[in-house]
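J.: Take a look at the letters that make up each chain.
Protein chains: 2
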Amino acid sequence: MKKAVLNKLVIFGVGLIGGSVALALKKAANSPRIIGIGRNADALKTALELGVIDGASNNVAEAIHDADLILIATPVAQTAAILAAIKPHLGPNTVITDAGSTKSDVLAYAQNVLGEKSNQFVGGHPIAGAEKSGVTAAMADLYINKNVVLTPSADSSPHAILLTKELWQACGANVSEMSATTHDSIFAAVSHLPHLLAFALVDDIASRPNAAQLFGFAASGFRDFTRIAGSSPEMWRDISLANKHALLNELNAYEAELLTLKTMLKNDDSAGLQALFERASVARNAWAHGQNNF
Amino acid sequence: MKKAVLNKLVIFGVGLIGGSVALALKKAANSPRIIGIGRNADALKTALELGVIDGASNNVAEAIHDADLILIATPVAQTAAILAAIKPHLGPNTVITDAGSTKSDVLAYAQNVLGEKSNQFVGGHPIAGAEKSGVTAAMADLYINKNVVLTPSADSSPHAILLTKELWQACGANVSEMSATTHDSIFAAVSHLPHLLAFALVDDIASRPNAAQLFGFAASGFRDFTRIAGSSPEMWRDISLANKHALLNELNAYEAELLTLKTMLKNDDSAGLQALFERASVARNAWAHGQNNF
Chain A
1 MKKAVLNKLV IFGVGLIGGS VALALKKAAN SPRIIGIGRN ADALKTALEL GVIDGASNNV
61 AEAIHDADLI LIATPVAQTA AILAAIKPHL GPNTVITDAG STKSDVLAYA QNVLGEKSNQ
121 FVGGHPIAGA EKSGVTAAMA DLYINKNVVL TPSADSSPHA ILLTKELWQA CGANVSEMSA
181 TTHDSIFAAV SHLPHLLAFA LVDDIASRPN AAQLFGFAAS GFRDFTRIAG SSPEMWRDIS
241 LANKHALLNE LNAYEAELLT LKTMLKNDDS AGLQALFERA SVARNAWAHG QNNF
Chain B
1 MKKAVLNKLV IFGVGLIGGS VALALKKAAN SPRIIGIGRN ADALKTALEL GVIDGASNNV
61 AEAIHDADLI LIATPVAQTA AILAAIKPHL GPNTVITDAG STKSDVLAYA QNVLGEKSNQ
121 FVGGHPIAGA EKSGVTAAMA DLYINKNVVL TPSADSSPHA ILLTKELWQA CGANVSEMSA
181 TTHDSIFAAV SHLPHLLAFA LVDDIASRPN AAQLFGFAAS GFRDFTRIAG SSPEMWRDIS
241 LANKHALLNE LNAYEAELLT LKTMLKNDDS AGLQALFERA SVARNAWAHG QNNF
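Order-wise, the sequence lines are chains A and B. Each residue of the first sequence is one higher than the one before, counting from 1 in my numbering. Each residue of the second sequence is one higher than the one before, counting from 1 in my numbering.
Calculated directly from the structure, the hints in this document are not laboratory data. Fair warning: there could be bad hints in the mix.
[As the list claims (entries may be wrong)] Computed, partial: chain B to chain A, Cβ under 10 Å:
1) 41
2) 166
3) 215
4) 252
[To be verified] Derived Cβ-Cβ restraints for the label pairs, each shown as a range:
5) A:216 - B:28: 22 to 28 Å
6) A:285 - B:181: 20 to 26 Å
7) A:275 - B:223: 20 to 26 Å
8) B:255 - A:39: 39 to 45 Å
9) B:272 - A:255: 30 to 36 Å
10) A:248 - B:223: 23 to 29 Å
11) A:42 - B:245: 52 to 58 Å
12) B:263 - A:179: 42 to 48 Å
13) A:282 - B:272: 35 to 41 Å
14) B:162 - A:216: 20 to 26 Å
Computed from a predicted model, the values in this text were never measured in an experiment. From the three backbone atoms N, C-alpha and C, an ideal C-beta is built for every residue, glycine too.
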């Protein structure tokens, strides 16, 4: 299939995620003209000054005119409103994608808001991040060898899928496709559940009368385990609620696993505990060393 | 109180923990003569060749003769047998300590095995470790500014407590004292529970038909959260069973926290979720930045 043409890219939300896409494209061949749009004028000014974007706008109609691709890289909570602002001005050949961490909710927004134009939309999720946020933290190499999952619907046009795929490939990412539902069940297990478990542990400990003493003896294992509990409360509130059905399934499966462990402990089941820990440590270390042999 | 005299130290198990004590003392003033003893002749030979110990022995009576202090730094499962081997040859002025991660079980071994000589015993737990194990991983600075908890019983002699405290202070550690029971309940919360939770998550995921797909999309948050699931299955089996009562209490408290989270999710309790995540992220980040303000 011949390459799709990307001459003009509009990014809603030029922060770490959107800004890193822009920087990556500027290093790639045939980099497009990149227009940033957002509610935070200071952030857009910084993005312009840093050379992350070629132009800034607060006028949706003007910004997306003649755009080949629109990337929504704001918090997911803003996606429906942005789609509604885009729709009246959306040209027939313009593709829309997003970078949210949950995909079924975003697909539903696209279908509800865009209606007959929802074939121009393809959801996406770059599996990359950093400790810091904002355009000053953006990096041209953020997506190199990282996974990006696209979640086209049955309606999504082949052109929309191709252009979105090539956007992320130009950033150095490994692009895969799956349904929004499959995406959300996978990420409930490997991302959303661990975040909830880490938040739960820290809240459990912080709420106790002897919290200071407990934290005083916490060490490096606790530090790594709870790192993700330092993440944005607003973002994780939104992700948790957007993906609540898959997440509740994961919590139920996890509670069953904890019940197994508790039963082994109560029964002094030394062999059972060792077998469970062994399976986990072998699997974890194989994964960490890149040997995904399942 | 004047300094206790440490002219001869005997270390059972010259691995990462015991070897790092030896190396630290060799850098300190008035370093004692250090004798290693253990079942693994090759490891002792390596320790001698590396200059970690001054002598090696496989004869308990000979090794501990005239020793001021004996440090048991083997896996905890060997402690009772080592205490039994020591007792017939134990001089009246020799102090015994250990470096195990659980303290009530070790105290019970000391009282049962040493009997009337248990006043010569003080349990200890250095809160330090490294990814690697064995004497070749030993480091002189492993304990600098790390916590070491001593768990003297009502029987422990003032001399035994002082000598053990000075041992760890000479290694650069911050030494505190508490009962074995208090120690075990603190570490159930901040160490043993997180380890079990991480093992449980990885085992839960690894046991599924689509495990390869799930691991394929796991990213840096999963990597940090599960690092401790790569730990030694044997060691964590022993710790879990040794501290099972405190650990079961922690698992019950954690399940109550998960139930709170599940109820919030089911009820779309956005404010409740945000408040819980906020408490956790504030507490975690304050702790990580050394502001333990509870």
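J.: Evaluate each hint against the coordinates.
T.: Here is what the structure says about each hint:
With a cut of 10 Å, the hint placing residue 41 (chain B) at the interface with chain A is violated, because the nearest CB-to-CB distance is about 27 Å. The interface hint given for residue 166 (chain B) is broken, as the beta carbon of that residue sits about 21 Å from the closest beta carbon of chain A, more than 10 Å. The beta carbon of residue 215 (chain B) is positioned within 10 Å of a beta carbon in chain A (closest approach about 5 Å), and the interface hint is therefore held. At about 8 Å, the closest approach between the beta carbon of residue 252 (chain B) and any beta carbon in chain A falls short of 10 Å, and the interface hint on this residue holds.
Against the hinted window of 22 to 28 Å, the Cβ-Cβ separation of residue 216 (chain A) and residue 28 (chain B) comes to about 25 Å, which satisfies the hint. Separation of residue 285 (chain A) from residue 181 (chain B) is about 34 Å and departs from the stated range, judged on CB atoms against 20 to 26 Å. Between residue 275 (chain A) and residue 223 (chain B) the CB atoms are about 24 Å apart, so this pair conforms to the stated range of 20 to 26 Å. Under the hint 39 to 45 Å, the C-beta atoms of residue 255 (chain B) and residue 39 (chain A), about 42 Å apart, fit the expected range.
In this structure the supplied range 30 to 36 Å is violated for residue 272 (chain B) paired with residue 255 (chain A), their Cβ-Cβ distance being about 19 Å. In this structure the supplied range 23 to 29 Å holds for residue 248 (chain A) paired with residue 223 (chain B), their Cβ-Cβ distance being about 25 Å. Distance hint check: the CB atoms of residue 42 (chain A) and residue 245 (chain B) are about 56 Å apart, consistent with the given range 52 to 58 Å. Distance hint check for residue 263 (chain B) and residue 179 (chain A): the Cβ-Cβ separation is about 29 Å, which falls outside the suggested range of 42 to 48 Å.
Against the hinted window of 35 to 41 Å, the Cβ-Cβ separation of residue 282 (chain A) and residue 272 (chain B) comes to about 38 Å, which satisfies the hint. For residue 162 (chain B) and residue 216 (chain A), the Cβ-Cβ distance of about 23 Å falls inside the hinted range of 20 to 26 Å, so the restraint holds.
Of the hints listed earlier, those the structure fails to meet are numbers 1, 2, 6, 9 and 12, in rising order.
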